[in-house]
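Just need the whole structure built from these sequences, with the hints factored in.
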Amino acid sequence: MSPVPFNWIKDALKPAKSHKLDALKTRQQANDKSLTTSLSHTLSFLESELGKSPDFVVRKFNEDPGLTDPVAVCYIEGLIDNVLLTDLIEAIITEKSSQSNLSLDAQETAALFKKKLPLGNIKAVKTENQLIQTILTGSAIVVIDGVDYVQAVSISGGSRRSVEEPTSQTVIRGPKEGFTEDISLNITLLRRKLPTPQFKLESHIIGEYTKTKVILAYIEGIALTEVVDEVNQRLRGIDTDSILESGYIEEFIQDGAFSPFPTILNTERPDTAAGALLDGQVVILVDGTPFVLIAPVTFFNFFQSSEDYYQRYDISTFLRIIRLMSFLVALLLPSLYIAITTFQQEILPTTLLISLSAQREGTPLPALMEALMMELMFEVIREAGVRMPRVIGPAISIVGALVIGQAAVQAGLVSGAMVIVVSFTAIANFVIPYFNMASAVRLIRFTLMILGGVLGFFGIIAGIIPILTHMVALKSFGINYMMPYAPFYKSNMKDLLIRVPWWAMKTRPNRKSSSNKYRQAAHQFPDSSVQKGNTNEPDSQE
Amino acid sequence: MRKLGVITFLILIGLWLSGCGNRVELNELGIITATGVDGKSGAWIVTYQIIIPSAMASGTSGGGGGGSQAAVHTFSTEAKTIREAVDISNLENPRRLYFSHNNVLLIGKKSADQGIDEIIDIYLRNFETRETVKVLVADGEARELLKQLTPPEKVPGVALAKILAKDNQLGSFFPLITIYEIAQRISSESEAAGIPEVSKVGSEDEKLDTIEVFQKTSAKAKLKLTGLCVIKGSKRIATLKQKESQGVSWLNNQMNSSTLSFTDPVKKNEEKRYTAFQVRKAKVKVTPIKGPLHYTLKVDVKVRGELVESESKINITKSKGINQMQQLINKEIEAQIQNSWQTIQDLKVDLAGVGNKIHRKYPKEWHKIKKTWPEELARMDIKINVETVISRTGLFQNSFKKQIGK
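Going down the list, the protein sequences come from chains P and W. Residues in the first sequence are numbered consecutively from 1, following the numbering used here. Residues in the second sequence are numbered consecutively from 543, following the numbering used here.
Chain W regions said to be covered by chain P (calculated; three or more residues, Cβ under 8 Å):
# : stretch
1 : 566 to 578
2 : 587 to 597
3 : 640 to 653
Hints listed in this document are in silico derivations from the structure and should not be mistaken for laboratory results. Being a predicted model, the structure only gives us computed values, none of them experimental. All residues carry an ideal CB built from backbone N, CA and C; glycine is no exception.
Set out below in structure tokens:
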């Protein structure tokens with residue numbers, strides 16, 4: 001017998017035979033020719049490559065072809081900054097008129113242009129392939145007849161979203177800025193938080209068509225070099241036609257490809273990213289998305305909100321515990337309810353049993369079916385809430401609350417206790433700060449519900465043991481997923497279930513051995529008023 | 543990868559094959575709150591008090607909720623063995639009888655006379671019947687008492703269990719005893735146990751088996767703990783009254799909290815002046831001491847408590863007065879213990895577990911007196927030593943009666 005449903009897994013793991021990207025690659029290799037000295041040749045090459053795109057603009061300056069060498073500027077409208085473009089064209093016109101009475105050859109003209117243009121980033125481009133790339137990433141190309149290279153002036157700009165408050169990861173206290181789709185702006189946001197030469201960036205271009213800029217950021221001396229090398233290597237291994245979001249990268253480079261648990265964390269908060277860098281993690285920024293990736297991560301990183309470090313430590317500790325409890329509730333509550341009400345009624349107190357069974361009186365479905373129905377109904381409403389146009393928002397909440405809540409109970413379809421269980425589970429699920437961990441919980445919950453409905457507590461345990469085994473075996477870029485507990489690191493306990501006050505947070509999370517281990521100096525307990533004498537004290541009796 | 547797939551697939555298939563074997567939905571359960579056993583070996587009558595959940599929960603579906611419907615339904619089955627009787631119940635009852643939440647077990651007086659060993663056996667043998675169930679002896683037939691409602695509590699089984707627990711905690715008149723404790727005691731050297739007895743007291747005419755009692759403010763009859771049934775071996779031999787039972791609680795160190803009333807020393811032609819003392823903490827140490835002829839039971843009682851009511855003439859603002867008061871309490875407690883001890887010796891039943899203590903302390907001698915133990919018990923002396931501490935007198939000191947000069 002052959003397990004047909006699993007063949008696709010096998011296929012996915014085989015090396016691909018033919019590649020549709022290959023055609024694209026050979027074409028680009030053919031284009032990798034040097035440019036000629038002829039301006040008209042270069043322009044016709046650009047026109048043939050870019051087609052008759054309406055946003056491709058060529059501006060020629062050759063009013064007197066007999067005297068001076070013709071010059072042309074070409075760019076793609078919308079990718080460049082209009083103010084800078086005006087500066088560039090003005091400069092070219094003045095330069096050309098001032099050169100018109102000097103008799104210079106083409107090489108000298110080009111060199112002079114490079115000197116006189118009032119813009120910062122000017123590069124010489126020598127091959128056709130490179131030419132296409134530079135013009136498509138927002139540079140203006142200055143072509144001078146008679147030289148075998150063109151000058152690429154980086155004046156990229158155009159309309160971009162400005163820095164706004166993050167929508168998916170909100171805090172009460174803490175910075176309100178979020179990453180944007182612009183990678184250079186995102187890097188700026190990180191640089192402002194970490195103005196230090198140790199903050200290193202490594203650039204990758206991934207995607208045959210999208211040419212997406214992917215930048216690996218880390219702090220030298222804090223991040224483990226093995227991890228940095230590993231991430232670099234995995235990024236280099238990606239060979240695909242497009243990267244449109246950091247989710248693509250995540251799936252290509254993550255450990256445990258079939259695991260429901262995320263091994264890479266994503267955030268749209270620069271402060272979270274900076275905090276991760278200081279903990280020795282690396283950050284992967286991808287152009288075109290406000291979500292940056294953080295790796296390596298442990299299971300418990302998914303329960304640390306950046307706000308934990310801004311609020312007082314006591315409330316942060318309390319919230320940490322609440323979050324982990326919510327995780328357990330979101331994972332187990334429906335399955336426990338099913339198991340208890342259909343198998344292990346003994347463990348309920350008598351009065352609770354009576355009140356539950358009074359509610360079950362007259363409900364048509366078995367508890368498992370009832371729970372599955374309610375959970376699915378909630379998932380549908382939740383998905384509808386995400387997908388539907390904002391305008392219809394209130395409608396769905398009214399219908400959802402009425403259908404799932406009161407009406408279902410009054411119609412006798414479900415018991416009241418089940419509604420409480422399902423809704424509390426749903427709310428507990430929202431407490432988990434990172435959405436991808438919350439999604440993992442959502443999926444595993446259904447499996448556990450079926451196990452609990454089929455075998456009771458035994459089934460739940462039979463489900464939890466493999467999950468725990470899997471989590472202990474899972475690694476994220478060489479770091480154990482359940483790290484501070486398995487293997488046990490005592491020094492990490494200060495930022496796990498409890499968040500110790502900042503003055504006690506002396507070391508960084510001890511991932512293997514980092515050379516730069518200490519976060520701060522010792523003896524920072526705020527006892528200044530005792531030692532130095534408090535001047536604000538009321539007058540003493542003298 | 544293929545192997546993993548096959549294994550996962552087989553496990554998944556296997557899961558469904560289990561077919562939810564012993565799955566029982568809540569609305570298929572007949573939750574039993576009290577069980578009654580009458581009859582004798584070979585002809586048992588088992589009575590079940592089943593909760594009707596829809597009558598219990600007010601506010602949910604079902605017109606008017608509780609009030610219009612009795613919260614329990616009681617029925618009986620008869621068979622040669624108790625378990626057979628439980629099986630036969632399926633002939634008349636649509637739900638699966640669920641014993642795990644059984645609160646009390648009522649044993650009919652006649653069954654108790656016949657012997658309760660078979661009842662203990664099924665409780666120890668089967669897992670769904672819990673050995674921690676509280677046991678009562680019914681004054682009369684258990685099946686009759688289980689039909690009685692107990693206003694204001696809706697479920698009589700729960701009410702009986704709560705009465706037992708509250709008495710144990712606050713009054714300590716009768717001990718709370720469970721099946722396994724009975725089994726332990728009657729299989730020990732003492733071979734005796736005391737089970738509280740419940741009876742219907744008051745007017746015979748009052749009907750407690752209809753919902754109408756809930757519409758009255760006062761019922762002329764009610765279920766009440768009235769005595770302590772003495773079991774020797776496995777058979778009932780006598781019933782102690784409340785007063786005698788309280789002394790047994792002292793001797794067994796089961797006194798948790800109780801209120802004692804006592805009087806000032808009374809001279810001729812004087813009215814009695816009562817004072818109430820509430821026991822907060824009591825510790826009783828019972829040690830048998832071997833004497834030249836027979837054993838002596840040494841009882842050391844240490845009591846701490848407070849005055850809660852007083853008519854006394856004694857000046858308790860002085861420590862002398864307090865001492866006097868403490869002496870009076872000592873005497874009262876001593877009298878209670880003495881009273882019970884007298885009954886125990888008359889019945890020749892070792893309710894206080896003295897046999898076990900002698901066995902532990904004098905293992906060799908025990909074997910000599912084991913055969914004649916009941917007679918030996920009747921010959922024993924008792925030496926009671928009570929130490930009472932009045933830790934406070936409440937918010938008031940001398941009695942109000944004394945304050946106004948009477």
